[in-house]
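Undergrad: Sequence:
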Amino acid sequence: MKNLTKICNLTCVLLMVLLLVLQFVPYWHYGEASGESTSISSLIWFPGDNGSCEKYLKANDPDFAIDQLLGTAIGILVLSAAGIVLCSMKSDRAWTALFPAGCGLIGTVGYLRHPALQLGSAWQLHLMLSIALLLLALVIAAACVIQYRRAQA
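Each residue of the sequence shown is one higher than the one before, starting from 12 at the first, in this note's numbering.
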């Protein structure tokens, strides 16, 4: 079972690296004439530089406010960065699966809840990575329960 935990944790590391990198690549494409694009992190950390993107998002989602995206973006950033470090250093420990589980849960809820995130060009990829992280964390939890029951028997 420790091998399964280790393999799942290292797979989670790969998925969290992908999800983290995707936060910094162009996500919203707008202004067909000028071909403008903005990443999630650029909009969150430098909102004053992305007025065109905010106008685009408000035009397509009248209830849009940048505050809606903060929890999802910062949650993914912090939990995936911490999870990458801990899951790679302590890959045989089951408790490290809490980070991919949190990252996957925040991502899944965020991408399904906020229409502005669904306007991105690769939002389905972000959602699938989040769901995969959540499922892998559940596999690790199930492996731990099975290992615990075997040890008790």
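Just so you know, the hints here were simulated from the structure itself, not pulled from any lab data.
Owing to the predicted nature of the structure, the values given are computational and were not obtained by experimental measurement.
No residue lacks a Cβ here, since even glycine has one placed at the ideal position from N, Cα and C.
Some hints could be false.
Taking CB as the label site, the calculated pair distances span [what the hints assert, rightly or not]: (1) 135 to 62: 35 to 43 Å; (2) 44 to 77: 22 to 30 Å; (3) 156 to 43: 46 to 54 Å.
Undergrad: Hint by hint, note whether the structure agrees.
TA: Hints and how they fare:
1. Judged by the Cβ atoms, the range 35 to 43 Å given for residue 135 and residue 62 is violated: they are separated by roughly 27 Å.
2. Our hint of 22 to 30 Å for residue 44 and residue 77 holds, since their Cβ atoms are close to 25 Å apart.
3. Between residue 156 and residue 43 the C-beta distance comes to about 52 Å, which sits within the given range of 46 to 54 Å.
Of the numbered hints given earlier, the model fails hint 1 alone.
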